[in-house]
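Hey, can you work out the whole structure from these sequences and the hints?
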Amino acid sequence: MIAERPFTHGAIAVLNLNAQIDALEPQVRLGRATVEVRVGLVELISLRGLIVGRIADYERAEEVAEELLRDAPGHAGALLARARTRAGFHRFHEALSDLDRAERLSSSAPPALDAETANSERAAILQALGRYDEALALREEAVHRRASFENLAALVGLHAERGETDAAERRYAESRSHYRGVSPFPLALLDFQMGRMWMDENRLHDARRSFDAAWRRVPAYAQAQGHLGEVEAQLGDTNSAIASLHPLAASSDDPDYAAQLARILGEVGRDAESRHWRSLAAERYDELLAKHPEAFADHAAEFWLAAGADPDKALKWAQTNVEVRNTPRARGLLAQAVAAQASFVGSRS
Amino acid sequence: MSDHISGPRAIADPVIDITDIYAFPCPENPQDLVLIMNVFPYAGPSALFSDATIYRFRVRPVAIAPAGRTFAVADEEFVFDFTFSGLQPEQEGRCKLPNGDLIEFRVNDESGGRAKGVQVFVGQRSDPFFLDGPMAERTIATRKLAFKDVGSDRLYGKNVLGIVLRIEWATVLKGGPMFAVVGETLAAGKRPVRLERVGRPEIKNITLSAKIFDTVNRDLEIRDIYNEEDAFNLFKHYVGAYRARLNANLAFFDGLDDKVDWPLDQHGNHPLTELLLADFLVLDASKPFCETSYFEIEQAMLEGRAHSTCGGRWLNQDLVDFLLTLYINAGKGPPIRDGVDAPRAWSSKVFPYMAPPNAPEGAAA
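So the sequences go chain by chain: A and B. Taking this note's numbering, I'd label the letters of the first sequence as residues 1 to 349. Taking this note's numbering, I'd label the letters of the second sequence as residues 1 to 365.
It should be emphasised that the hints constitute simulated quantities derived from the structure, not laboratory data. It is possible that some hints are incorrect.
Unchecked claim - Only part of the chain A face toward chain B is listed, based on derived beta-carbon distances under 7 Å:
(1) R5
(2) T8
(3) A19
(4) P26
Heads up, the beta-carbon is just placed ideally off N, CA and C, and yes, glycines get one too.
See below:
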């Protein structure tokens, strides 16, 4: 058991994140911001997108990064910022291309790109692509050089995604012990990664504990609340699950919550409500897939497999997802989609 | 930028990032001292203090050591801890005084809080610091003075969260009339952990952050380690690293006018290094308020004369012009200007001194 010390209340932390963004946005919009300020704004907006689950934030971060690249095409930091936003939309090969260019530029002209930052970004992309061994080598080298909270926490995420629960737990404890700050965000993100791991391992009570910890640290952490709802549903606590998901489905521009809510409501026979949320999710997925097909292929496939009940669409997007990143999770989703489609075809013939 | 964004930890969480510390005799009443701590660079309208952080002033009596070139800091210490709770509709705070008494107040309440001999104000204010940061960075990158006649101030019109403490020093403190002042942020808990500490302006950024001149630790981001230190008791294993960085960077600045105004000693130490390692503001409460007295006590010490001002640091001093001139020509040559001579709003000589917060940029349009 790791002793807990106080962290800034999640609501204060989110207000302060908004305060930072609100102070920088006008500077950027009025064209008065330096490259560094614009890079900082990209990071802040991306973090808010990650925490509150707002796709509009990811889109704004990408917009700022693209404008920045137009104004400062030879700036390594600007390329790194765009690499991050591209990776956020699962355009991993474009992100790697930006990263390669940033490193080449950095070696020939100032400002120099911090090697640890660049390697960390590369490792995150390689991990997302399922190139785990390459990601692991970079992550372990980073920890060897500097066993910081950030470097250890990144290893937690990698081990968690590989299902290496012992290693993930060990690194989780190590990273926690290295954390000196008061911001709740880094620990909430860490707890969330552990929750995903336990969910994949079907250790649902552990998953609930981790998602709950993440959500308690930052009550506005949409993904934590949403996954908490999913786990509660799997544990049979449907009322809690619906209570967790309903506000998110009603307020978020990410259709995942409406999709989950539609599925759970359908499973307990609340069909009219389920149809309402299904319809909203379907409409929103169609919009997002038109704009960001790589980013939403996986969740869209899951939706069409479940509440969306359209195996053809599920298969299409599961195939796209495997093309984007050939990970075990993506292959598993494709296998499910293939099976569902075969079953569907069988039932029609 | 004074102490804004002074290391990776501060960048990651601005609510613990001290931007400046000020200490000056009260312009309204010479019996009082005023201590100010600003945090949260680029604070937008919704910025709040952390409820998990202690915002601390540490004050110790200090004297000029018999050798005359260092300070003798007393062990006795007076601590003022500010903590915060709640967030809606407004934050509440409390200040724990050295005698254990508490002053309660509401953030952004102009009437602040009071106890015998103490007055506090806490809230969002206009950031009083000003400089041309990009040209300071360019000066280091190009190794040539890059400042223009008219500079560009990244902090223009920006706000911070300010903590203003006015104390009747003869009754609230002991000793004096010279005091050393440090501001800190600490992670609260059973054993508070120091996150940031600030004494003098522009130590971590202009003076310490550049790595390229340091032949001992060329790849070390030194500021987070430096921030964790007790200003009155540096960890002996790291002092060498700080000294090497200061010697290297101060020598760089001295060479910018192609003259040596600060000859190094036989060990390669810059004459200012030991003084700057004593990283706290020093002020003399027996002297009257003065607008441009930062570092005068230290300069008098170096010159072997008695100081003539209160020292400390007032809000409106053009600190960067002063520092550039000090570092580059020791005040023996023409003033070196960064081309930024004023903030958006000057501070006043009336409590709580700092100007009200600026409207969000673009709001008027």
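List of violated hint numbers, smallest to largest: Structure breaks no hint.
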